[in-house]
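Read off the chains here:
2 protein chains.
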Amino acid sequence: MTLSCQHQKKQSKWSGLFNEISHKPLPPPAVSCVLNPFPSPCLPPCACFQLLKALTPEENSLCQHGLYFQDGQRRVDYVLTYPVKKPSAGRSSRQSTHLLTENAVLGCPGETFGGQEDHKAFRREEFEGKLRDMGLELEKDEDTKVTGVGFVKIHAPWNVLCREAELMKLKMPTKKMYEVKQSSGVVEKISSLVSKVLEPLRPHVEEHHTKNIKHLSHTFSREKQHLFDLSDKDYFFDSKTRSSIVSVLKFTCDLLYEEWANYSVFYKYQPIGLVRKYFGEKIGLYFAWLGLYTQMLIPASLVGVIVFLYGCATVDDNIPSMEICHPKNNITMCPLCDRVCSYWKLSTACGTARASHLFDNPATVFFSIFMALWAAMFMEHWKRRQMRLNYEWDLTGFEDEEVSSDHPRAEYEFRVMQKSLSKDQKSKMEKLTCRDRLPAYMTNIVMMLLMIGVTFAIVFGVILYRISTKAALHMSSNPITRNHVQLTVKTTAAIINLVVILILDEVYGAVARWLTVLEVPKTDKSFEERLIFKTFILKFVNAFSPIIYIAFFRGRLVGRPGSYLYVFESYRMEECAHGGCLMELCIQLSITMLGKQLIQNNLFEIGIPKLKKLIRYIRSKQGAFQEEERQKKLQRYETDHFLEPFAGLTPEYMEMIIQFGFVTLFVASFPLAPLFALLNNIIEIRLDAKKFVTELRRPVAARAKDIGIWYNLLRGVAKVAVIINAFVISFTSDFIPRMVYQYMYSPDGSMHGFVNHTLSYFNVSHFQDGKEPMDPLHLGYHVEICRYKDYREPPWSSTPYEISKEFWAVLAVRLAFVIVFQNVVMLMSDIVDWLIPDIPKDISLQIHKEKILLVDLFMKEEQGKIHILESSYRLSTGCKENCSRSDNNNSTAAHPRSGLHTNSTKSL
Amino acid sequence: MTLSCQHQKKQSKWSGLFNEISHKPLPPPAVSCVLNPFPSPCLPPCACFQLLKALTPEENSLCQHGLYFQDGQRRVDYVLTYPVKKPSAGRSSRQSTHLLTENAVLGCPGETFGGQEDHKAFRREEFEGKLRDMGLELEKDEDTKVTGVGFVKIHAPWNVLCREAELMKLKMPTKKMYEVKQSSGVVEKISSLVSKVLEPLRPHVEEHHTKNIKHLSHTFSREKQHLFDLSDKDYFFDSKTRSSIVSVLKFTCDLLYEEWANYSVFYKYQPIGLVRKYFGEKIGLYFAWLGLYTQMLIPASLVGVIVFLYGCATVDDNIPSMEICHPKNNITMCPLCDRVCSYWKLSTACGTARASHLFDNPATVFFSIFMALWAAMFMEHWKRRQMRLNYEWDLTGFEDEEVSSDHPRAEYEFRVMQKSLSKDQKSKMEKLTCRDRLPAYMTNIVMMLLMIGVTFAIVFGVILYRISTKAALHMSSNPITRNHVQLTVKTTAAIINLVVILILDEVYGAVARWLTVLEVPKTDKSFEERLIFKTFILKFVNAFSPIIYIAFFRGRLVGRPGSYLYVFESYRMEECAHGGCLMELCIQLSITMLGKQLIQNNLFEIGIPKLKKLIRYIRSKQGAFQEEERQKKLQRYETDHFLEPFAGLTPEYMEMIIQFGFVTLFVASFPLAPLFALLNNIIEIRLDAKKFVTELRRPVAARAKDIGIWYNLLRGVAKVAVIINAFVISFTSDFIPRMVYQYMYSPDGSMHGFVNHTLSYFNVSHFQDGKEPMDPLHLGYHVEICRYKDYREPPWSSTPYEISKEFWAVLAVRLAFVIVFQNVVMLMSDIVDWLIPDIPKDISLQIHKEKILLVDLFMKEEQGKIHILESSYRLSTGCKENCSRSDNNNSTAAHPRSGLHTNSTKSL
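For the record, the sequence lines run as chains A and B. Number 371 in UniProt numbering belongs to position 371 of the first sequence; there are no gaps in the numbering. Number 695 in UniProt numbering belongs to position 695 of the second sequence; there are no gaps in the numbering.
Excised from the complex, chain A in its bound form:
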């Protein structure tokens, strides 16, 4: 895998070594990139993998050649590549740094700063010297078939591994194994039954045999080597980086390809343990998270479908829509636009009213409370799952020491260097001050505001499009066109919105990266966090601003007949169809969500790689023979040099968090959102798996205890979801007006008369000049009073067209509902948070048990030592004087009872 130097520093475990050992920053290496030695061996399941099966053992070992040093003994743990001074070097070095161009340019000052090949070679040698000083063993290979690229293979010998493991406080399995007992309670019986039922859902991966027997783990220390099972040193450290390619192929890759990266196993759990073994904890956590999220979506979509079906079933009992549809209820409504539109009968809105009921019924309120609690449960479950994985992966006690990511980025150091050069360097400049960063910060703020402004402008543009198109279509002489005005306008507008969102998403991704580079954050961690934060804000605003407009602003700012609000003095603000804006919100939501998922996630993710493959195939046909020839002769690391690099998990997470937004934020208006998300994610998991296994170079295994900033973003979305849902229910839906009518105004406590109650009266003689309908007799009779949806005083009151008491009453109830809903749901979420312990009980018990076992092991070991010591004391002869020399300043205070106790360990 190709990474720029500072990326490598951060993501690889072994490279952390470089930072940790040196306490001042190493000079940035002149080598541009680090190549993982075992990149995606799954990639050519057709090429190498299937090949391997057919190979004889001798050929097999030949295939492994290149993974060892020339002596065939020492294994290659790392490969560094660098451009060699040859005229043809340009192409491949450019290719290798392709995805991280700006990093490569800024990242290795050796290339841009000095610019001379000699200087580069010198610095490279200096760097290699440093590596050798640390005890690493290097082997150079400049004479490869890949022109212009030199390779430095690195082997980390046992003692270096031991030292680093100790410094990193790695937890390693000790010799001691123990059985994880299943207690015999009712809960356990049920859970074992459940797990039997779910057996077919488990992938056919023999990793759950480890479930009952577990190695006791302890922080590795060279002095306590006897505690650890070192029978096979080659496999002791991190099989994911150390184990041989054959075993990876046989046991991991094969299985992953069959049991994970495969659409036909979509119904099964993921073999997370295996994924982690092969890709490291960070990617393992992503898939575990995605898996849990998908799993949690199952109940959510079930309830969502039930809520939707409830809406369908009760649509015929819904009194308001019955009243609207009833032909006797002959209510004449005021025109929907100036002049060209005429009066219309409310009964023509029957269809919309019935459809609205599907999404606007009491079950929706229940569902949005359910979803808020669901989100809280999801967060809690994730915490537990994470804890469980941490335990299973022996990460408990491991602290994200941030040492490697605390290291300043090369860009940052370059900027500091520039600054000190330009500033006469009175005192050694050590950091960038606020003043240095002010321009970048200002640019950031301005650009972010500008981008958000652009989003709003586009939303406004679509509104204008809708208003003007509607007006134009209304004027059309074709009656069919006029009948389908609503549908046409809505659909086209939603599609325009979608396209704009898709385009802006790409633009914003680039802008966010550019802005973050401008900022020159000090460390990689802060770079990533700032980038994610900016991207998140921009993409979120982009995805949700049209939806928020429809939910909360549309239809609110229309004025009233006789005194409408106008945009640009000619376009009347749009109203919602009768039955609230909820229906339109629902359409917009479903189009945006489905469109984004289908186009962005699936089409882009499947289609574009396929297209690239096609192009590659066509190209390779031209140079078919050489290519094939090359493929065969190349070392594995040379082939891998040409794979697509891994660009981080950010896009995957970002996609999912936006989806999480769709699932939770407006769920009150669209109960089917979880279902769509579920369907998408089932594909998404396998799609991502396929991509990781077969399309990308194998990423450097990175350790991680949690999903970092994403958890906070999820929490944030879940929090915002509560308040947004409260507002959707109380303001967008007609739930509150219905309640208020039923309990405050209804003469018989039923919903009869609700429609009439929500409509105010307008005397058509009060129309402004030039705004009255051109065709007043459209309905066949003369209209004196028309109705419109609002709570206003009738024309005959003392204060005509003023906001009525009902309006204020309904508003007060709406607001009270928001307060109650928000606080009740927040309280319930907090209770869920509090009731579900963060650490699963069995895990905490096991951790406790492990501690006791460990103490036991220590004590036994000590007893054994005393035994040995006592016997050796009796035999002690001339050796004693020689040995005591190495015993440093510990006064051997005699133990009153055994006399041998003290420092027994030391003198061993």
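Quick caveat, the hints were computed from the structure, so don't treat them as lab data.
Below 25 Å or equal to it, Euclidean Cα-Cα: the simulated BS3-like pairs (lysine-lysine) are:
no.: 1; chain 1: A; residue 1: Lys849; chain 2: B; residue 2: Lys522
no.: 2; chain 1: B; residue 1: Lys719; chain 2: A; residue 2: Lys383
no.: 3; chain 1: B; residue 1: Lys130; chain 2: A; residue 2: Lys851
no.: 4; chain 1: A; residue 1: Lys849; chain 2: B; residue 2: Lys130
Please read these numbers as outputs of a predicted model, since none were measured by experiment.
Based on these hints, arrange chain B on the given structure of chain A.
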């Protein structure tokens, strides 16, 4: 210090040893209590401390006798006491277990279960055997001057300390020291200036010399002993338990007494480092927290005073109160009670209206936002301070391993044992199931509800008292009585409330403990948490329910003239005085808060110990001679046996969290609350310090990284504060009606006419029969229309006395304000939370630096070893064969470059 056995298990560090080493629970010891060897040597600053100064060295060493074993060499680390079978044993053993009676009874089944002295002695010996097996050394002393009490002195030898330190992963200082550099930025300059200015506030304790030079710390390991500074083994481990009494007296106690537990240094910072050294981390954290809280109260009280002064300054410009006071505004108000009260002039409410303005002005809104943010800042600052203390006390990386507190409590095991005995014991019962606990849980829920019900009943009772007394006093013929009705009733009611709160507080404390004992929680930790949680809920409800009634219910449920609401059909619900209930809320708050603080905190805490001392003094006079004689001859641990035991920090924290509630919850109505809290806390710190230093036995030093559940409770209070303040501002104060009037109804945009606008009209002919005033001509003229404070339609409208449009409008605005306020403040708190990093930057830099230094130390050490090894390799002779025997199964794979690298550590 006397503690029951399971308390000792939890709180002492060395006792953790007993749990950790044995992996099955030890049989509960027959000894009832553990006595700390260095209990409160400060106690008699008159007796031993001042004595010491006058003593010659010989006498001095004599004074130390009893702190060593008979050999005068081994130091006493622990003392266990147990009752000796003598007829006079009863008194002192009862005394020693005095405060934890139920623990002592339940805690040591040996005493209650077997009940025979022989059995007890046998178990005691078994326990002592276990202690010896662990390597501890014991010395018995049954022949003391304290009759009926036997002492077992325990010494922990060096190797046991080492082993335990390793098991507990204690971080100990290494030899390496480094200077904490102060960088030369502007911020640092300012902070150094500030620290110079604050110099006089620092206590005269020479501990800040450690500020610039810090020992590098590393997890202790016997194999790495050479890393640590073991020049004086006696002082290496935890001076707070190991250092000799003389040094404690000289360096710690003396200083603590002078510079901490002393009212005259109230303006100084606390010597937290010293407190921690002497009392352990847990108590250190409490005082650090209390200190920070008090410090943070300074700006809060400043702003509060300014807000109050703003109210005072603007009282004369306040139009509504001017209108009320203006004699020309001759508004006739409806009577405040039935029959006996008559019509009254609004201008007589002038005083109340003016006073109300002090607490009900726009600055209050600002102040409650400020206080919400203040609370968020406080939480953040505490996190940072805690992190800083963790770093300074070398607790970073230390996990609250919960091993000691995971150990089941003796009561729990006793219950399990009982259950298995009664149930034929088919399978070994290992735990209590939900069914076993159901009765206890039910009792808990019922009792909690009952207690809360009692609180509400008492609140209601006080309401009835107020209503009936008011009616009675109104009927009084004495005009002076009648004039002072309001004041009399309010004050007496508030005092009754206060007394009830004080009494119930004590009752609830006992009830909560009883309920928690009933529950039989499994571990000490869960016992403590459940107890705290219950106590918190009960005390909180108790303290705040009268206040909540006044703030949100009083004056809301009064009905209207002609249709008042009646309690028990005769008592009319009470109204608030004109100007809102804010004034009354304020009175109630100040009386409750001041009363609680003065009586509960100070009187109880100072007065009762003084009283006890007096009693002790009087008693000692009777047996004066013997007492004095005894005092002189007794060993230190024998004298300490008679001191008052330490009952945990719960009462101290609880007191403070209730105060925090007063400071934040209703701060909108009482801006002086922070000032009162500040004044109280300045005394409180020194009071608590005095108590800890001179009144109590020295508590067992307990390790803690944080303040545990208290932090969550504080967070909870801060969250609730936001919503309560929102409601206080919008519903209790007149802020929103004023705003609505000014921007919606006022003809000239000013507040003129506001009072008139808030008063509705009532036609006196509509009074119910028998409810009209007896003396209608009280004001000297005939009244036809009287006014009352409400938004209702006038008698001449089509719907007389119905709720008017203004009511709904005001209500909607009130609710909207709540939503906006709550969400804005929550968002701002989150931003504060997000902006202030949890780990102070300098600390994180130093932790990073320490890590690098540590790696450096390791590397150097390794280099040195290689050096030694290389020279010894050259000299290697016959010793080699002997030594290699102890070298276990490490294949010495040759390092290609040095050949000696591998396992060099091991073979040393």
